[in-house]
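Engineer: Chains as they are written, first to last, in the working numbering: chain A, 4 to 297; chain B, 4 to 297; chain C, 4 to 297; chain D, 4 to 297.
Just so you know, these hints were derived from the structure itself, not from any lab. One thing to keep in mind: the hints can contain errors.
For identical chains, the list gives no copy identity; a pair is met inside one copy or between any two copies.
What the hints assert, rightly or not - Result set (BS3-like, lysine-lysine): computed pairs, CA atoms no more than 30 Å apart in a straight line:
1. Lys219 <-> Lys242
2. Lys290 <-> Lys242
3. Lys38 <-> Lys290
4. Lys242 <-> Lys38
Protein chains: 4
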Amino acid sequence: MNVGFIGLGQMGAGMAANLLAAGHQVTVYNRTPQKAEPLLAQGAQAAASVAAACRGDAVFTMLADDPAVEAVALGPDGITAHLPAGAVHVSCSTISVALSRRLAAAHAAARQRYVSAPVFGRPDAAAARRLIIVVAGEPAAVAAVTPLLDAIGQRTIVISADPPAANLVKLSGNFLIAAVMESLGEAIALVAKGGVDRHQYVELLTSTLFAAPVYKTYGGILAEGRFSPPGFPAPMGAKDIRLALAAAEELRVPMPLASLLRDRLLALLAQGGDQLDWSAIGALPAKDAGLPGI
Amino acid sequence: MNVGFIGLGQMGAGMAANLLAAGHQVTVYNRTPQKAEPLLAQGAQAAASVAAACRGDAVFTMLADDPAVEAVALGPDGITAHLPAGAVHVSCSTISVALSRRLAAAHAAARQRYVSAPVFGRPDAAAARRLIIVVAGEPAAVAAVTPLLDAIGQRTIVISADPPAANLVKLSGNFLIAAVMESLGEAIALVAKGGVDRHQYVELLTSTLFAAPVYKTYGGILAEGRFSPPGFPAPMGAKDIRLALAAAEELRVPMPLASLLRDRLLALLAQGGDQLDWSAIGALPAKDAGLPGI
Amino acid sequence: MNVGFIGLGQMGAGMAANLLAAGHQVTVYNRTPQKAEPLLAQGAQAAASVAAACRGDAVFTMLADDPAVEAVALGPDGITAHLPAGAVHVSCSTISVALSRRLAAAHAAARQRYVSAPVFGRPDAAAARRLIIVVAGEPAAVAAVTPLLDAIGQRTIVISADPPAANLVKLSGNFLIAAVMESLGEAIALVAKGGVDRHQYVELLTSTLFAAPVYKTYGGILAEGRFSPPGFPAPMGAKDIRLALAAAEELRVPMPLASLLRDRLLALLAQGGDQLDWSAIGALPAKDAGLPGI
Amino acid sequence: MNVGFIGLGQMGAGMAANLLAAGHQVTVYNRTPQKAEPLLAQGAQAAASVAAACRGDAVFTMLADDPAVEAVALGPDGITAHLPAGAVHVSCSTISVALSRRLAAAHAAARQRYVSAPVFGRPDAAAARRLIIVVAGEPAAVAAVTPLLDAIGQRTIVISADPPAANLVKLSGNFLIAAVMESLGEAIALVAKGGVDRHQYVELLTSTLFAAPVYKTYGGILAEGRFSPPGFPAPMGAKDIRLALAAAEELRVPMPLASLLRDRLLALLAQGGDQLDWSAIGALPAKDAGLPGI
């Protein structure tokens, strides 16, 4: 298929490369054009503007946050202004439920189609085509882009016909991941202050009851205190928890654990954590307990 | 080997049966003698008193709580008064760090040996020999009882030479399990109020990032709202979180998520949950959000 | 002086009446014109538009929330478009720190002056001229409107030359008031379930250590369970805690008690509390404890 | 009247002195006898044992914690063993509800009378006879000791005929005081990081809505960061919150704000606060926010 791809950061670069590898024609656009160069070497075409990336069957966006997606999609020279009728905007960024709802309405008004397709996985998973993609949208639109989604992820899960539902699920997933960090951080602080070796403890957990990828990844990071360079920077984690809480507020769902995570992330940022991985919140319980940093 | 087994509740009955199945001679004692009958049919010998169960190489205890273990082990006619010098008390109950420390001292004073060996797993895992056993104690004592532990669990993990360390790890593990319930409960409340099907949501989670036994077990229970009959009753869960917090208090480790779990369990009990599984705390976020019970 | 007054709700009506009573010329505007009638009978002049209320030395706004103030002040036909150069906008609404900052910039650009003057007190205090006014703004502008502020409050406290500082203090004050409700609610649940009479308990507290107006007001409401009609509706309380948390987030200040209050207010609203006073959050601890409603 | 007084710490010394000043005969006992000397100079008699302090109409205890009261009252050579039938034990210490219940039973079994009379006030208030005394006990017993209570406090408030009720009220009161510290601490962190002067802020609060002694005392301490020497040491504050939570647990009352306070006190102690006033928890929000200590 003929697709555009907007946003070539750590995540987007890997995803676009996998679209190319699957044989699709990919026209790439990034605000900073240099980031497109490795992809051009792999056969991508360069677009000089958002509009120029909107001439195929579909256009992907993989951007940092709501303002970036809003500007690219809804701005005067954005996707809604240029995408052909019937073509599909596949939005992979982690954005708010509210913006997803606005995008759905704007594309419908422009007779375009909109599929919400946020992804789970860090940059290495994007590069290795191991992303998990949560999808919501009108079934025919989803069917149209399924070959593209299959090219970038290990698994595509359709959760709803209503696009914002996928964003809600994605935000809930990041909440669950952060909850793992908090719970591991508290447990490690407890047993470490009680004399148990933290590496052995994490090994015990992740080889038995908690033999899940997320516990292995974050348990290892926490046991080693390896928060830099960040796989997912703390400010972006703070943003995602904020968006989860914003969705919860709109839906009137009290989430005390999410509130605790928000406060942890604020403390991390207030104490100089801007350049750390968001999992560094898991070191705060040990700090509160007067332990040397884990 | 020749062993005693004290405490034939849902957990202990399965463990004692597996010791028998592995060819050991097992003398069983339970306060309510009828519970011993199925084991006698499998070849166990009946003990009429704690003392009578203390005549072999080792004696296991698998009892409900601190007071029960204290009475059986430290009472005037208890294990410390009757176990032969050099024999081993293998304590599998989930008890406080403080009591474990007292037991270690009392057995040392009586020239007996003490191995702390709390287990992870629900009654079905005990019956199926799928328990995970966390062990701490003097290495020679641990070595002496390893064949016995191998007979009751799928895996034995030695964490420390200091017996209370195993109890601390066990309590931290139950804390981590309860944290899973809380996080799943909040996430389900959020997405369910946002229109996502909770069964499909749990299926999505547990087939991807959260493909761990504990998420599958509790995710399934929560999606179905199946809290009765209890696999692990709420009052026992409340006790375990209380013991984790008591250990944390002694060690001066603030654990805000553990505090949240304590409050959830108190709310559950205050609202009539005595006969429910402890995972029913995961339904409280939905209740707070005004959703019909999940 | 010659002043305009925009926003004649429960609070604004009392404030405007006190300006009239102090001998000022007051031109009033309200979206629903009927609300102006009692004031016209007291000598006010009616304005048919926001612009018509902007012809004097100063204009007050006392509106429900950020969107209302934004529309009235920054809209195409709003205050910034019509207020004479050098005249003062006195903003008494409880608004966000961020909006206050935008208002300060917009008025400066239009060569108007802006004084932030949020008030503490419920409608009865507004009517009785017992409001406490927290003021921030350029000193000359504050001096210019001091006679007006003296007419509506029992006390005017200048806290800063930077207008948003007053809004921050106001939001922090509402947080402190809500914290009183939560703490009283938990304490009452505890002692009531322990057999102590809640009226006698509140009387004890408020006649000794907690002999402050806020404890008397809310202690009485809580002891009697008198949450309707609302003096300050729960949705507005939820908004204020949200604004306090938004300011805290921008400043990177973790506030776990504010987070707890946010969750309480969401629970109240989710469970049907839209028409109740915000102090009804103080009844939630008793509900959680399985007590009949207090 | 002829009374004994056991426990001559900072609080007890002032209380015993006021009994003497009111003309009562006071026999004093303290584990460290030197502390009795100033009182002997004021006319007290020295007792060489607990028993020797139990020969009058009543005996007061004002001790640090449950173990101290348990030893003095219930030990083999304690009050229950020596107090004459019909005489009254007036227990002023801040102890657990559970111990108060045991004391009531033990005194009843020994045909003695027991009045629970915990006090609010710091050492300066004890010296100045400004304590507030919360009393519970059988009415005739309370009546018998009222002249004594009048001699040591500014006000005596009878809350129940059931002695433990007074202890529950006392513990709830200390919870409310600690809640004031937390709320002030968070509010000060917020406005201080926003540029508002903290002294002026506290002055604003305590001269208006929060014009209560407790806000003035702790607001002043917090604004100045004056936590040493301690009026009430952090470990004792931690103990009181623990006892409040223990009572709440027994009664099944979730108290999330009390849980937060518990975690704050643990963090304070873990980070070296043993010698600080308990109000130093109010400086932790600023620390979390990355502000220099307040």
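Engineer: Between copies, within a copy, both or neither: which fits Lys38 and Lys290 at Cα up to 30 Å?
Structural biologist: Intra 38 Å, inter 40 Å, cutoff 30 Å: neither.
Engineer: Could you figure out if Lys219 and Lys242 sit no more than 30 Å apart (CA to CA) within one copy, between two copies, both or neither?
Structural biologist: both (24 Å within a copy, 28 Å between copies)
Engineer: Could you figure out if Lys290 and Lys242 sit no more than 30 Å apart (CA to CA) within one copy, between two copies, both or neither?
Structural biologist: Close inside one copy (23 Å) and across copies (22 Å); limit 30 Å.
Engineer: Indicate which option fits the pair Lys242, Lys38 if close means a Cα-Cα distance not exceeding 30 Å: within, between, both or neither.
Structural biologist: Answer is within: at 24 Å inside a copy they meet the 30 Å cutoff, but 42 Å across does not.
Checked against the numbered hints given earlier, this structure breaks only hint 3.
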